[in-house]
Amino acid sequence: MPQNVFVWISQNNGEVDLTSWEALAIARQIAGDLGGQTVGLLLGQNVADLAKQAIQHGADSVFVADDPSLMSIRVQPYSAIITELVQTHEPAALILGASASGLELAAYIAAKLDLGLASDCTELSVEDGSLSAIRPALIGNLVAQIRFGDKLPHIATIRRRAFTPLEPDSSRTGEITPVGIVLEEADIPTKVESFESSSGEVSLTNAKIVVSGGRGVGGPEGFIPVQALADALGGAMGASRAAVDAGWIPYAHQVGQTGKTVQPDLYIACGISGAIQHLAGMKTSKIIVAINQDSEAPIFQHANYGIVGDLTKYLPALTEEFTRRLGK
Amino acid sequence: MNIIALIKQVPDTAQLSGTVNGLALMEDGSPRIVNPWDEYTLETAIQLKEAHNGHITVLCMGKPEAEEALKTSLAMGADEAILVSDPAFENSDSLTTARVLVAAIQKIGDFDIIVAGRSAIDGNTAATPVQVAALLDLPPISFVAELKEVDPQAKTISAVRLLDNGRETVSSQLPALISVVKEIGEPRYPSFMGIRKAAQANIPTWSLSDLGLEANQVGAAGSHVSWPRVSLPTAPEVTNEKIEGDPTEVAKILADKLIADQVI
Amino acid sequence: MDFELSEEHRMVQNMAYDFAQKEIMPIIKEHDRNHTLPVELSSKMAAQGFLAMCLPVRYGGAGMDYISMGIVSEAFEWADTSVRETLAVHLGLHTLPIFQWGTEEQKQRFLPSLATGENMACFGLTEPGAGSDVGNMNSRAHREGNHYILNGEKMWITLADVADRMMVFAKTDPEAGVRGITAFILERGWPGLTTGTIEGKLGARASNTGWINMENVSVPISHRLGEEGEGFKIAMGALDNGRFTVAAGAIGSMKFCLQESVKYATERKTFGKPIAEHQLVQQMLALMQQRIDLGELMVYKVGWMKNKGIRNTRETSMAKWYCTDAANTTANDAVQIHGAYGYSDEYHVERHLRNSKGATIYEGTSQIHQLMQAGYILEQRQDRPLRCELPAYDPDVWRAEN
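These protein sequences, in sequence, are chains A, B and C.
Read in order, the letters of the first sequence are residues 1 to 328 in the working numbering.
Read in order, the letters of the second sequence are residues 1 to 264 in the working numbering.
Read in order, the letters of the third sequence are residues 1 to 402 in the working numbering.
Quick caveat, the hints were computed from the structure, so don't treat them as lab data.
Just so it is clear, the structure is predicted and the values come from calculations on it, not from any experiment.
Honestly, I wouldn't trust all of these hints.
Using 25 angstroms as the maximum straight-line C-alpha spacing, the simulated DSS-like pairs for lysine-lysine come out as follows [claimed, not checked]:
hint, chain 1, residue 1, chain 2, residue 2
1, C, Lys357, C, Lys29
2, B, Lys197, C, Lys308
3, C, Lys263, C, Lys107
4, C, Lys44, C, Lys29
5, B, Lys155, A, Lys191
6, A, Lys208, A, Lys286
7, A, Lys208, B, Lys257
8, A, Lys286, B, Lys252
9, A, Lys191, B, Lys148
10, B, Lys148, A, Lys313
11, B, Lys242, C, Lys233
12, C, Lys308, C, Lys107
13, A, Lys313, B, Lys242
14, B, Lys155, B, Lys252
15, B, Lys49, C, Lys44
16, C, Lys201, C, Lys308
17, B, Lys257, B, Lys242
18, B, Lys257, A, Lys286
19, B, Lys107, A, Lys112
20, B, Lys49, B, Lys155
21, C, Lys233, C, Lys22
22, C, Lys233, C, Lys273
23, B, Lys197, C, Lys44
24, B, Lys148, A, Lys286
A partial selection of chain B residues facing chain A, derived with a Cβ cut-off under 7 angstroms [as the list claims (entries may be wrong)]:
hint, residue
25, Thr19
26, Val20
27, Gly22
28, Thr125
29, Gln131
30, Leu135
31, Asp164
32, Gln173
33, Lys182
34, Pro228
35, Pro247
36, Val263
Computed spacing ranges between beta-carbons, pair by pair [unchecked claim]:
hint, chain 1, residue 1, chain 2, residue 2, range
37, B, Met26, A, Pro168, 38 to 44 angstroms
38, A, Gly129, C, Gln279, 54 to 60 angstroms
39, C, Glu7, B, Glu50, 21 to 27 angstroms
40, A, Leu326, C, Glu277, 52 to 58 angstroms
For glycine and all other residues, C-beta sits at the position ideal for the given N, C-alpha and C.
Let's have the full structure, built from the sequences with the hints guiding it.
Written out as structure tokens, the structure reads:
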């Protein structure tokens, strides 16, 4: 009777995506309800010590596939290994973080094994012995409860920062088992040519704090004080579609319906009116602060704290105050 | 070059307001649009067509009203459009949808590339395009922000993907499936000539039997997940507090409050 | 009787409104505040084929019908009157008259570059001392061999200071009143031809309005449109097109004002409830919709008549008079509903109010139209057949490549 929960430990260049720790935490709960174990799946190159971290963050055991062909995350070789592990060990569930790679990998595996998939879940539980999920739909304007059919394992990707990771416990131990690759490099059609990291910048989707600029910042230079505030807070910088379409800031910063969805603790919206498409990307933030010249801007209805005023005056003041308090 | 573009028709979220909520928007008869990501799908397909003297077939699984989305695709510059529609297809999960699309693609015949949008704004699973690739055994290349080189003769493709923490350049083989994000290029407006052609175009509808599928392979019957309960999100309790004063005062007050809220 | 928009018309409507939303709305407030013409918009309009949308393909047009021109006018003015004005004067008042009255040689010579937007065009009828009283114009044209020498001044001309081509009207026979007026096509750069911009308008600020001065401008006979003395008929025929786009545009403005008013009224609260629940506000909203419903029927009937080649001067005049007055009242009510916020340019409705006032003045004041209508009723006014009628819409002919 399948009871174990597999969790994909996503890593890039030796750094684990925090959502994997969040996934381990919820996996432990699920496994506990099912009476099974939490098993980490770690793929990459030179990743042996990450396996210990996975144990410390909640995995009972870890399968490790370590090979040059796994250096970058690629759907086909990764999926081949994970599907073989799933077929051999028959878990009850497989959980991945809903990063770009996680979404792709989960979908591919579900198709190859003909399994049910719940994407971008904000809640996971066991109901009547089966995995049950809650996820947002229609850009956050609906909430859907997902029920799985009988075929196991059930696959779920979890929304970033929807679950709380466990505190790492260095006393925990567990079995770490090496596994081999399934696809030879020659059989993998997709090659990664290069990677241009945007770190140095905080990743938007991972960020605890996001400071965004909209049409109200007035132009590309208007983003300089926005970035300064983001830096003072150690946060990421976002933008509304209006600012991106105007060419003031690259699309990678866009938050909203055709951009990124963020779930920070703190979202500061500067010169953003609060169109529904933008709200779709950030309204689940824990605390929302809005700064806008227009007191009737819709964003104020969604903001915990509203400041009606001129960005050029308030942003520098906020940056100075936060720098003082946080010492960054 | 034979290009297949996958599009979806979705509720028009621009109509959401104080009086129109998510549930109302899902009802039959409420306004529908081409999935915003799929405008980029079409733009990408048309750019490929122009660069390689290609032919675009647009495929859409949906209710009969989805024909309008296909007409728009033709008006933008696609050559052919096919609607895949059958009451049996309703309530398909992403994998089942992929299965139906794959049956249609196999009926269309040869292709060099399949283009899709990152996700659909209603379901937002981002799964269906990848699953189409998996079922067809094609390399999936998702979140494409830029196409670098596409060579239908050499059967190679290279593209830049937008990942959470950076931009990844990949190369792969054709045929492949790509899903695109906004950066790929601004969708063009339908031209008058395109509108004239589209208005006159006849769009065939393929049903369950046309695709050679069984009822138990599609719809709710063929799906591994279902969504028995869809509701409006509970509105978070937000007390809208205005902070007033000169910038230095406001900054102090806000900092106090945010620290008390434990968000910084 | 089919009151539905065809599939083709619906697609044109979607595309035009999309263009208005994405290209015009984001930039228009800034241009309106600064009284500048968004030049980049003209090239986008040209690229999309709007500038010659209802002209046959063989002359560079898009081969669409007159109703489509109405739909596009509506969508443009939903965003702002300035862009609709460009379409009105370039296509309605200059290009279509050449299509109607030009010799084949003139059509081949003038239409293609107007269609691509390579040459932007305007319509110079009004003078400082002659607006409603066209017959009283002072501009003179006297024939010298195979040229005409033109003298005079035109004023309140949309696009005067930016257009490359100007259709102007001058008297070749000063004794003959309106029957002595002749139409000419002028090209920027000709000696003696100067233009300038008029500042300080109440509305249509994102459009260029100016004057044209002619001092012994030599105009070759190839550039005379129609015969000597046909100028008045040509001008009035042109206005049938312009007025149609003005009326259609007014519908767009009213739709925008209603939509904004509903949005504001359902969100804004006074005395414990959204103001949309107050009856006096509801009355204003109901009247807005009534005007839109009435105006639409008139405008689309005129489009249908033009498609069929039926003379529609009277119906166009009625539609223009009604719709522009209605749009002015609607914008006024929209500002009222918005309260103090309506008075600020943070919102768009005050711009529609200022814009809509101009429309009740140009292309025939509301008063002139009332006199025209009375003239038709009392049978003092009759529309006699013209030597050249505006061609009916024939999709096969218009869409043929040659």
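Results of checking the hints against the structure:
1. C:Lys357 / C:Lys29: holds (18 angstroms)
2. B:Lys197 / C:Lys308: holds (22 angstroms)
3. C:Lys263 / C:Lys107: Outside the cut-off at roughly 47 angstroms; violated.
4. C:Lys44 / C:Lys29: Distance ~18 angstroms between Lys44 of chain C and Lys29 of chain C Cα, so the pair holds.
5. B:Lys155 / A:Lys191: holds (14 angstroms)
6. A:Lys208 / A:Lys286: holds (10 angstroms)
7. A:Lys208 / B:Lys257: holds (17 angstroms)
8. A:Lys286 / B:Lys252: Holds, at about 20 angstroms.
9. A:Lys191 / B:Lys148: holds (14 angstroms)
10. B:Lys148 / A:Lys313: Roughly 43 angstroms between the alpha carbons, so the hint for Lys148 of chain B and Lys313 of chain A is violated.
11. B:Lys242 / C:Lys233: violated (64 angstroms)
12. C:Lys308 / C:Lys107: Status holds; Cα separation ~22 angstroms.
13. A:Lys313 / B:Lys242: holds (17 angstroms)
14. B:Lys155 / B:Lys252: Outside the cut-off at roughly 61 angstroms; violated.
15. B:Lys49 / C:Lys44: Measuring from Cα to Cα gives roughly 23 angstroms; hence the hint holds.
16. C:Lys201 / C:Lys308: Distance of about 38 angstroms is beyond 25 angstroms: violated.
17. B:Lys257 / B:Lys242: holds (12 angstroms)
18. B:Lys257 / A:Lys286: At roughly 13 angstroms apart (the allowed maximum being 25 angstroms), Lys286 of chain A and Lys257 of chain B satisfy the hint.
19. B:Lys107 / A:Lys112: Judged against 25 angstroms, a Cα distance of about 21 angstroms means the pair holds.
20. B:Lys49 / B:Lys155: Roughly 15 angstroms separates the two Cα atoms, so the pair holds.
21. C:Lys233 / C:Lys22: violated (39 angstroms)
22. C:Lys233 / C:Lys273: Violated, at about 56 angstroms.
23. B:Lys197 / C:Lys44: holds (22 angstroms)
24. B:Lys148 / A:Lys286: violated (39 angstroms)
25. Thr19: Violated: closest Cβ of chain A sits about 13 angstroms from Thr19 of chain B, beyond 7 angstroms.
26. Val20: violated (10 angstroms)
27. Gly22: Because about 3 angstroms separates Gly22 of chain B from the closest Cβ in chain A, which is inside the 7 angstroms limit, the hint holds.
28. Thr125: At about 4 angstroms, which falls below the 7 angstroms cut-off, the nearest Cβ of chain A leaves the hint on Thr125 of chain B intact, so it holds.
29. Gln131: holds (4 angstroms)
30. Leu135: holds (6 angstroms)
31. Asp164: holds (5 angstroms)
32. Gln173: holds (4 angstroms)
33. Lys182: holds (5 angstroms)
34. Pro228: It holds, given that the least Cβ distance between Pro228 of chain B and chain A is near 6 angstroms, below 7 angstroms.
35. Pro247: holds (3 angstroms)
36. Val263: Holds, about 4 angstroms.
37. B:Met26 / A:Pro168: 38 to 44 angstroms: holds (43 angstroms)
38. A:Gly129 / C:Gln279: 54 to 60 angstroms: holds (58 angstroms)
39. C:Glu7 / B:Glu50: 21 to 27 angstroms: holds (26 angstroms)
40. A:Leu326 / C:Glu277: 52 to 58 angstroms: violated (47 angstroms)
Hints 3, 10, 11, 14, 16, 21, 22, 24, 25, 26 and 40 from the list above are not met by this structure, while the remaining hints are.
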